[in-house]
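Colleague: Using the sequences provided together with the hints, build the complete structure.
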Amino acid sequence: MTGIRAARAPRLVPVAVVALILALTGCSRLGTSAGEAPTPAPPAAATTTSAPAAPDAATLGSISSDLGSAGTANTEADSNATASDQAAQNDNG
Amino acid sequence: MSRSLAVAATVGAIVLGSVGVAAPAFAATTTDPPKPTNHSTLSQIQAAAAIQTANRITALNAGITKVNSTARLTAPDKSTILGTLNGDLSGMKTLHSKIAADTDATVALADYRSIYNKYRVYAVGLHQSSIAATADGLTGTAIPKLQSAALKISALFAADPLKATPALQAQLADMQAKTADAVSKTSGLAAGALAVTPAAYNANHAVLVDLRAAARDALADSKAAAEDGKAILAAIS
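First to last, the protein sequences are chains A and B. Residue 93 is where the first sequence ends in the working numbering, and the numbering goes up by one at each step. Residue 237 is where the second sequence ends in the working numbering, and the numbering goes up by one at each step.
No wet-lab data here; the hints were simulated from the structure. Where hints are given, some of them may not hold.
Computed, partial: chain A to chain B, Cβ under 7 Å [claimed, not checked]:
#, residue
1, 56
2, 58
3, 63
4, 70
5, 73
6, 75
7, 77
8, 88
Everything numeric in this text was worked out from a predicted model, so none of it was measured. For every residue, glycine included, the Cβ atom is placed at its ideal position computed from N, Cα and C.
Modeller: Shown next, in the form of structure tokens:
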């Protein structure tokens, strides 16, 4: 018996090493065959909700420009409206 | 200075100031002629007429200069206003010369009164011009810009509903409603003001009252809409 055990031990070590390598590389999983890439794990980002996108600067600038133009026109219109108010006090001019 | 003359001088200065030109010199340098009556002498009438026509000539020249340079008036309205103001200017110059050459007090007094009854430079010509300029400034620039801004804000809210809080949605709705009111109140406003004639004013001195009020109301709406827009923009920036 002792003689037989001593003769088998050297052959078990390479087998164990190969098994370990296969386990670590994932090639030992069921369904995996030569040339087939392992199924990648789902990306972490896919499981989270994306934050709302901030309005782009160009759009905000365009809105600001519109409102600025409206404000300038309103100021000029106000000046003319004031003139109309004053003219209304002239009852014979 | 009589009330009417004082008011006329003040209005002339303010109207001109509103369109960006200096107040006419007459406001500070003219004397205080008595208002001519049936009992006034020829020289008294001529003195008063010289001042009144000169005041209007100054005001009209300044107004014409400004109207020519403004970008707010539509081309048709600018043409109408320039036609009126240039016609008034020609009339004032003619009266200025004619009254100075008159040799009869009765004729001179009739000419003097036509300064008012025939032209109404301040009460109609310059007054209607300022109403039209108000209206055109709103319809040509302020209102379209407010509508454009509201559309862009709406698009932003649609793309990012989280930003469209109930308060901001309400403010946008108010902005749109105020802008719509301004559109309604300025509809036909400039044309209506420019259609008023001295004869219409002679028959009804309040003929421009409603039009002036509409311009004021539309302006208030436009200002409120702009404030809404600014508040929304500050909140989402």
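Colleague: Evaluate each hint against the coordinates.
Modeller: Against the structure, the hints come out as follows:
| no. | hint | result |
| --- | --- | --- |
| 1 | 56 | 9 Å, violated |
| 2 | 58 | 10 Å, violated |
| 3 | 63 | 5 Å, holds |
| 4 | 70 | 4 Å, holds |
| 5 | 73 | 4 Å, holds |
| 6 | 75 | 9 Å, violated |
| 7 | 77 | 4 Å, holds |
| 8 | 88 | 6 Å, holds |
Violated hints, listed in ascending order, are 1, 2 and 6; each of the other numbered hints is respected by the structure.
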